[in-house]
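Full structure from sequences and hints, please.
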Amino acid sequence: MSATDQGQPGQHPLDDQTSRRAFLKGVAAGSAAFMALGCVPGAASAAGGELRLRWQEFFKKNYRLMTEEERRETVARLERLAAVDEGLQVSIGCEPPLPRVLFGYAFNITRCEGFMECVTACIKENNLDRRSHTQYIRIFEMEPGHLDPSAGDGRFFHEVPVENKFYMGTQCFHCENAPCTKACPTRATWKEPDGIVVVDYDWCIGCRYCQAACPYFGRRFNWAKPEVPQQEVTAQQHYLGNRLRPKGKMEKCTFCIQRTRKGRLPACVEACPTGARVFGNLLDPDSEIRYVLTHKKVFRLKEELGTEPKFWYFID
Amino acid sequence: MNGNTLVRAGRSCLLAVAALAVVAGAALCAGGGPSFLEEIKAHEEKIDKGGPVAVSPVTRPVVEAREPYQGGTFAVLARKGEIGRYPCSSCHGKGRVLVNNGLQLTHGDVVVNHGREGNSLSCIDCHHPEDRDALEDKKGNRIDFDHSYQLCGQCHFRQKRDWLGGAHGKRVEYWAGDRVVYNCTTCHNPHSPRFAQRFPATYAVPLP
Numbered sequence: 001m002s003a004t005d006q007g008q009p010g011q012h013p014l015d016d017q018t019s020r021r022a023f024l025k026g027v028a029a030g031s032a033a034f035m036a037l038g039c040v041p042g043a044a045s046a047a048g049g050e051l052r053l054r055w056q057e058f059f060k061k062n063y064r065l066m067t068e069e070e071r072r073e074t075v076a077r078l079e080r081l082a083a084v085d086e087g088l089q090v091s092i093g094c095e096p097p098l099p100r101v102l103f104g105y106a107f108n109i110t111r112c113e114g115f116m117e118c119v120t121a122c123i124k125e126n127n128l129d130r131r132s133h134t135q136y137i138r139i140f141e142m143e144p145g146h147l148d149p150s151a152g153d154g155r156f157f158h159e160v161p162v163e164n165k166f167y168m169g170t171q172c173f174h175c176e177n178a179p180c181t182k183a184c185p186t187r188a189t190w191k192e193p194d195g196i197v198v199v200d201y202d203w204c205i206g207c208r209y210c211q212a213a214c215p216y217f218g219r220r221f222n223w224a225k226p227e228v229p230q231q232e233v234t235a236q237q238h239y240l241g242n243r244l245r246p247k248g249k250m251e252k253c254t255f256c257i258q259r260t261r262k263g264r265l266p267a268c269v270e271a272c273p274t275g276a277r278v279f280g281n282l283l284d285p286d287s288e289i290r291y292v293l294t295h296k297k298v299f300r301l302k303e304e305l306g307t308e309p310k311f312w313y314f315i316d
Numbered sequence: 001m002n003g004n005t006l007v008r009a010g011r012s013c014l015l016a017v018a019a020l021a022v023v024a025g026a027a028l029c030a031g032g033g034p035s036f037l038e039e040i041k042a043h044e045e046k047i048d049k050g051g052p053v054a055v056s057p058v059t060r061p062v063v064e065a066r067e068p069y070q071g072g073t074f075a076v077l078a079r080k081g082e083i084g085r086y087p088c089s090s091c092h093g094k095g096r097v098l099v100n101n102g103l104q105l106t107h108g109d110v111v112v113n114h115g116r117e118g119n120s121l122s123c124i125d126c127h128h129p130e131d132r133d134a135l136e137d138k139k140g141n142r143i144d145f146d147h148s149y150q151l152c153g154q155c156h157f158r159q160k161r162d163w164l165g166g167a168h169g170k171r172v173e174y175w176a177g178d179r180v181v182y183n184c185t186t187c188h189n190p191h192s193p194r195f196a197q198r199f200p201a202t203y204a205v206p207l208p
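Those protein sequences? They're chains A and B, same order as listed. The numbering used here numbers the first residue of the first sequence as 1 and each following residue consecutively. The numbering used here numbers the first residue of the second sequence as 1 and each following residue consecutively.
Worth double-checking, as some hints may not be accurate.
Label pairs and their calculated CB-CB ranges [to be verified]: (1) B:V110 - A:A151: 53 to 61 Å; (2) B:F157 - A:D148: 55 to 63 Å; (3) A:D148 - B:R161: 23 to 31 Å; (4) B:A42 - A:E159: 25 to 33 Å; (5) B:K46 - A:R80: 38 to 46 Å; (6) A:L88 - B:Y203: 48 to 56 Å; (7) B:E117 - A:L88: 48 to 56 Å; (8) B:E64 - A:L147: 49 to 57 Å.
The set of hints was computed from the structure by calculation and includes no laboratory data. Yeah, the Cβ is synthetic: ideal placement off N, Cα and C, and Gly gets one too.
Okay, here's the thing in structure tokens:
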């Protein structure tokens with residue numbers, strides 16, 4: 001460790017908040033030199049910078065414990081690592097929740113006609129694994145008289161809409177009382193103040209307890225590193241949203257956090273050709289979502305569980 | 001009334017009280033407070049449109065709607081720019097059309113599939129019979145192509161009511177900022193408003 005890393009003169013070394021990081025930097029540089037001598041041929045200085053990034057990434061905190069500055073530092077590191085590892089120029093954000101905003105969603109089961117354009121938009125926007133056909137949204141073709149998607153057909157592929165059938169979409173419902181967040185042993189998933197249930201991919205250990213705890217089958221697991229064609233990667237990303245996930249991490253719908261925290265609509269809402277999807281701020285009495293909740297017959301799935309999903313179904 | 005019936009009446013009274021107590025207890029256990037929906041609806045304070053997050057204006061051409069929304073105004077996507085041969089008066093009402101342009105100009109591509117079977121609409125049910133640059137409703141009001149919701153709404157008043165409120169149709173790009181919504185004709189072909197049957201954009205595989 002160099003003398004400049006020792007902190008202010010007169011300050012006790014233990015009080016120095018940066019000493020841990022400085023120590024790790026030293027370790028990173030040392031191991032880089034070691035590896036350059038031992039097994040990595042050439043490019044010692046470049047590998048040193050990269051190794052330092054990886055060390056710092058490995059020892060970073062849970063997203064919720066980071067200060068704003070630490071968040072900016074980690075997204076800057078992740079952007080550089082994306083360039084190093086994938087050759088991608090991405091912009092990863094860490095926008096905080098907006099004040100006086102609670103996101104809510106409504107789905108019109110009279111209007112949905114099963115075109116599934118929401119699903120393709122979601123795959124593209126959220127950089128979902130193309131190889132395993134990971135999809136956050138599922139659309140079920142339902143017989144009249146049923147309101148439980150498990151009684152519907154989720155694997156239809158024929159011309160839609162079919163006479164005398166209706167269509168019902170599911171995804172993560174962003175429960176106000178979310179059971180998945182209580183199941184997580186590492187507190188890698190939680191509900192943000194604006195109501196979005198998110199995952200810190202770097203704290204997820206891949207145990208899938210949350211997947212078992214979710215009564216709505218809203219979570220997806222990366223059995224392998226997601227494969228996304230390079231030219232199709234959505235570059236506008238968020239730390240808690242659509243950034244490229246490592247292998248063995250849980251992921252889910254985030255109401256397109258990278259879009260909605262900037263005031264945009266989620267990709268599924270924007271793509272819906274029939275206007276069956278309504279998204280907005282539940283705390284705004286003038287919002288569309290509040291109009292739906294006030295003027296339409298609404299219901300939610302498995303309301304008796306007390307999970308309080310912020311995703312309502314309604315009929316015209 | 002003999003003693004036996006009195007005892008029986010007293011017993012049923014007691015049972016009723018006990019049942020009430022059980023119900024009240026259950027209500028207390030379940031929280032008894034306002035439901036989540038009631039909590040949401042309790043937020044009555046208006047939020048300024050420039051409020052939580054600033055968004056850039058919609059880039060597509062819009063016009064201000066001639067209907068109020070929640071006491072304010074809103075915008076709809078303009079239509080005229082989307083109509084390939086608008087203004088219609090460039091052909092209609094300016095002398096004769098040459099025969100060799102006839103096929104292209106007779107609107108043979110327009111298939112009207114609007115209205116119940118056997119009771120289909122004709123052109124001048126919606127188009128103005130004199131002023132071809134406009135529409136006309138059944139009361140004889142001239143209606144601008146950009147404000148076709150005024151025309152559609154005379155029959156589809158339920159849909160128009162939902163559209164004004166936000167339960168039908170959709171907003172353009174942003175949930176925040178000034179309200180800009182799709183016009184009726186942005187999604188629906190006015191000559192054939194029902195969406196055609198087609199294959200879905202993708203398919204689902206079983207969950208892993």
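Exercise. For the range 49 to 57 Å, tell me whether the beta carbons of E64 of chain B and L147 of chain A fit it or not.
Key: Given about 40 Å between the Cβ atoms, the range is violated.
Quiz item: Could one say that the CB atoms of K46 of chain B and R80 of chain A fall in the range 38 to 46 Å?
Solution: 44 Å, holds
Quiz prompt | Status of the given 48 to 56 Å range, CB of Y203 of chain B versus CB of L88 of chain A | solution = 28 Å, violated
Quiz item: Cβ-Cβ distance between A42 of chain B and E159 of chain A: within 25 to 33 Å?
Solution: 45 Å, violated
Self-check item: Outcome for the supplied range 23 to 31 Å, where the beta carbon pair is D148 of chain A and R161 of chain B
Solution: About 30 Å separates the Cβ atoms of D148 of chain A and R161 of chain B, which means 23 to 31 Å holds.
Self-check item: Beta-carbon spacing of V110 of chain B to A151 of chain A - inside the hinted bounds 53 to 61 Å or not
Solution: 42 Å, violated
Quiz item: Per the hint of 48 to 56 Å, is the separation of the Cβ atoms of E117 of chain B and L88 of chain A within bounds?
Solution: 54 Å, holds
Exercise. Determine whether the Cβ-Cβ distance between F157 of chain B and D148 of chain A falls within the hinted range of 55 to 63 Å.
Key: Given about 33 Å between the Cβ atoms, the range is violated.
Comparing the model with each numbered hint stated earlier shows that hints 1, 2, 4, 6, 8 do not hold.
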